[in-house]
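Novice: Chains as they are written, first to last, in the UniProt record's numbering: chain A, 1 to 115; chain B, 1 to 115.
If you're looking for bench data, these hints aren't it; they were derived computationally from the structure. One should not assume that every hint holds.
[What the hints assert, rightly or not] Computed list of lysine to any residue pairs in SDA-like fashion (alpha-carbon distance at most 25 Å, straight line):
id: 1; chain 1: B; residue 1: 22; chain 2: A; residue 2: 20
id: 2; chain 1: A; residue 1: 22; chain 2: B; residue 2: 91
id: 3; chain 1: B; residue 1: 51; chain 2: B; residue 2: 10
id: 4; chain 1: B; residue 1: 22; chain 2: A; residue 2: 21
id: 5; chain 1: A; residue 1: 22; chain 2: A; residue 2: 92
id: 6; chain 1: A; residue 1: 22; chain 2: B; residue 2: 104
id: 7; chain 1: B; residue 1: 22; chain 2: A; residue 2: 101
Small disclaimer: the values here were computed from a predicted structure and weren't measured.
Number of protein chains: 2
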Amino acid sequence: MARKQRAVDCGLGTALTVIGGKWKPTIVWELHLGPTRFGALRRRVLGISEKILFEQLRELEADGVVAREVFDSVPPKVEYSLTPAGVALNDAVHALAEWGRNHAAVGMAGTLGHG
Amino acid sequence: MARKQRAVDCGLGTALTVIGGKWKPTIVWELHLGPTRFGALRRRVLGISEKILFEQLRELEADGVVAREVFDSVPPKVEYSLTPAGVALNDAVHALAEWGRNHAAVGMAGTLGHG
Chain A
1 MARKQRAVDC GLGTALTVIG GKWKPTIVWE LHLGPTRFGA LRRRVLGISE
51 KILFEQLREL EADGVVAREV FDSVPPKVEY SLTPAGVALN DAVHALAEWG
101 RNHAAVGMAG TLGHG
Chain B
1 MARKQRAVDC GLGTALTVIG GKWKPTIVWE LHLGPTRFGA LRRRVLGISE
51 KILFEQLREL EADGVVAREV FDSVPPKVEY SLTPAGVALN DAVHALAEWG
101 RNHAAVGMAG TLGHG
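So here's chain A without its partners, still in its complex pose (with noise of 0.2 Å):
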């Protein structure tokens, strides 16, 4: 029983690492849509700057969640777009929102309520 305890935890605590914080789970949620460019990304992803939105997607890149592809046109063109455990990963944090979504809108009164 504790084995799968420790594994409950230590995978959701690697998993929140990798989508933790305010953007990025808007980030993989945009680029799930399809391959996307610097500027749309960041027209679409409400409020964020361009120095954290590079920052986040250099994260993300680095955790093997975003892959970064450059075009050799001229200017040269540079795609974002989520690899297949980008892809995974947005299916998981869909699913936690969706419950959260649904459990918010039956009124969990409780919840807002705790420090």
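Based on the hints, put chain B in the right spot on chain A.
Specialist: Same frame as chain A, but now just chain B:
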């Protein structure tokens, strides 16, 4: 697009508020195995104190994730179990934990390096 984006953010925020913290994923995981009495739960959630377990269960109950049933035997018996919402939450959390384990296993070296 923006509406769906907010939906992902709000839902995920609500879910992580309900299941966040060191102990709740493990408590919910243990209860998904079946109705459990306080003492047994305390033994199985390694390292948790009686006070903390009591508080976490009360919060999970307030959030509609855990149900508490009192049997009027002598002495009275109390059992905790997952509500349907709790079962759905456990499934969603488990999917994210599975992702984390699978992708930690393939060496997402970048993951642990971020601030």
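Novice: Holds or violated: residue 22 of chain B and residue 20 of chain A, Cα atoms, limit 25 Å.
Specialist: Status holds; Cα separation ~15 Å.
Novice: Hinted pair, alpha-carbon criterion (25 Å max): residue 22 of chain B, residue 101 of chain A. Please report holds or violated.
Specialist: Status holds; Cα separation ~23 Å.
Novice: Taken at face value, is the distance from the CA of residue 10 of chain B to the CA of residue 51 of chain B at most 25 Å?
Specialist: 30 Å, violated
Novice: Do the alpha carbons of residue 22 of chain A and residue 91 of chain B lie within 25 Å of each other, as the hint requires?
Specialist: 23 Å, holds
Novice: Sort out whether residue 92 of chain A lies within 25 Å of residue 22 of chain A, counting only the CA atoms.
Specialist: 17 Å, holds
Novice: Would the hint linking residue 22 of chain A and residue 104 of chain B be met if the CA-CA limit is 25 Å?
Specialist: 22 Å, holds
Novice: Given the hint that residue 22 of chain B pairs with residue 21 of chain A, does the C-alpha gap stay at or below 25 Å?
Specialist: Answer holds: residue 22 of chain B to residue 21 of chain A is near 17 Å, not above 25 Å.
Going through the hint list in order, the structure does not satisfy hint 3, though it satisfies all others.
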